[in-house]
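For chain D, the structure is supplied; the task is to place chain E on it using the hints.
Okay, here's what each chain looks like letter by letter:
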Amino acid sequence: QKEVEQDPGPLSVPEGAIVSLNCTYSNSAFQYFMWYRQYSRKGPELLMYTYSSGNKEDGRFTAQVDKSSKYISLFIRDSQPSDSATYLCAMSALSGGSYIPTFGRGTSLIVHP
Amino acid sequence: ETGVTQSPTHLIKTRGQQVTLRCSSQSGHNTVSWYQQALGQGPQFIFQYYREEENGRGNFPPRFSGLQFPNYSSELNVNALELDDSALYLCASSRTSGGSDTQYFGPGTRLTVL
Numbered sequence: 013q014k015e016v017e018q019d020p021g022p023l024s025v026p027e028g029a030i031v032s033l034n035c036t037y038s039n040s041a042f043q044y045f046m047w048y049r050q051y052s053r054k055g056p057e058l059l060m061y062t063y064s065s066g067n068k069e070d071g072r073f074t075a076q077v078d079k080s081s082k083y084i085s086l087f088i089r090d091s092q093p094s095d096s097a098t099y100l101c102a103m104s105a106l107s108g109g110s111y112i113p114t115f116g117r118g119t120s121l122i123v124h125p
Numbered sequence: 010e011t012g013v014t015q016s017p018t019h020l021i022k023t024r025g026q027q028v029t030l031r032c033s034s035q036s037g038h039n040t041v042s043w044y045q046q047a048l049g050q051g052p053q054f055i056f057q058y059y060r061e062e063e064n065g066r067g068n069f070p071p072r073f074s075g076l077q078f079p080n081y082s083s084e085l086n087v088n089a090l091e092l093d094d095s096a097l098y099l100c101a102s103s104r105t106s107g108g109s110d111t112q113y114f115g116p117g118t119r120l121t122v123l
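Chains as they are written, first to last, in this note's numbering: chain D, 13 to 125; chain E, 10 to 123.
Chain D on its own, in the form it takes in the complex (with noise of 0.2 Å):
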């Protein structure tokens, strides 16, 4: 079992549906979870962090995180066809001095207008 699972995908929805992207992990020490945001040919982008559990949102965009049910999720309300990226869920740990994350597979999404 990985430390963090991601289902890939695809996921294929309309313009303007709300898009909810899901992480499970299995390790209790992780204390900050990311969101990145890949497009094809490009490295990843930050959209989002927390530290420990609760929500957080910024403009169309909300990450919440359960550390009692290890399970983080993001949602895109309104999704735009320039939303369609990969969205990459990562976790970290303090781990000899610094945070080294830990990512998942990466969920491809994809706006159709």
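In case anyone wonders, no lab produced these hints; they're calculated from the structure. Everything numeric in this text was worked out from a predicted model, so none of it was measured. The beta-carbon is built from N, C-alpha and C at its ideal position, and this holds for glycine as well. Hints are supplied without guarantee of correctness; some may be wrong.
[Stated by the list, open to error] Partial list, derived from the structure: chain D residues whose beta carbon lies under 7 Å from chain E:
| id | residue |
| --- | --- |
| 1 | P26 |
| 2 | G28 |
| 3 | I112 |
| 4 | G118 |
[What the hints assert, rightly or not] Short, incomplete list of chain E residues facing chain D, as computed with Cβ under 7 Å:
| id | residue |
| --- | --- |
| 5 | A47 |
| 6 | Q50 |
| 7 | G51 |
[Claimed, not checked] Computed footprint of chain E on chain D; a stretch qualifies when at least three of its residues, placed anywhere within it, have a C-beta under 8 Å from a C-beta of chain E:
| id | segment |
| --- | --- |
| 8 | 32-39 |
| 9 | 50-56 |
Relative to chain D, chain E alone:
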């Protein structure tokens, strides 16, 4: 754009050869991390350098080595290339190695090993 640059963009090597990949960090960042991203997978952490010292390493063999220079640019060296080393190699820079510090990724170097 993140201000993190990588060279070359693409590279083709044969099994057994050695390769050096380069990364230029964003200005003011003293920490650089290297990742390997196989097709259809998430990035896997290789190692991290903070102020020219390695301060974290993932589950990669010693033939993966690195350097960070006084201007905080960095190199990833891979010896004795294997077919499974074919992947996108990403570097990411951050102000420090703290958990809340944003990592800014470069566009990556795509390595193909034949």
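Quiz item: Which numbered hints are broken by the structure, listed smallest first?
Solution: Of the numbered hints given earlier, those the structure breaks are 1, 2, 5, 8, listed in rising order.
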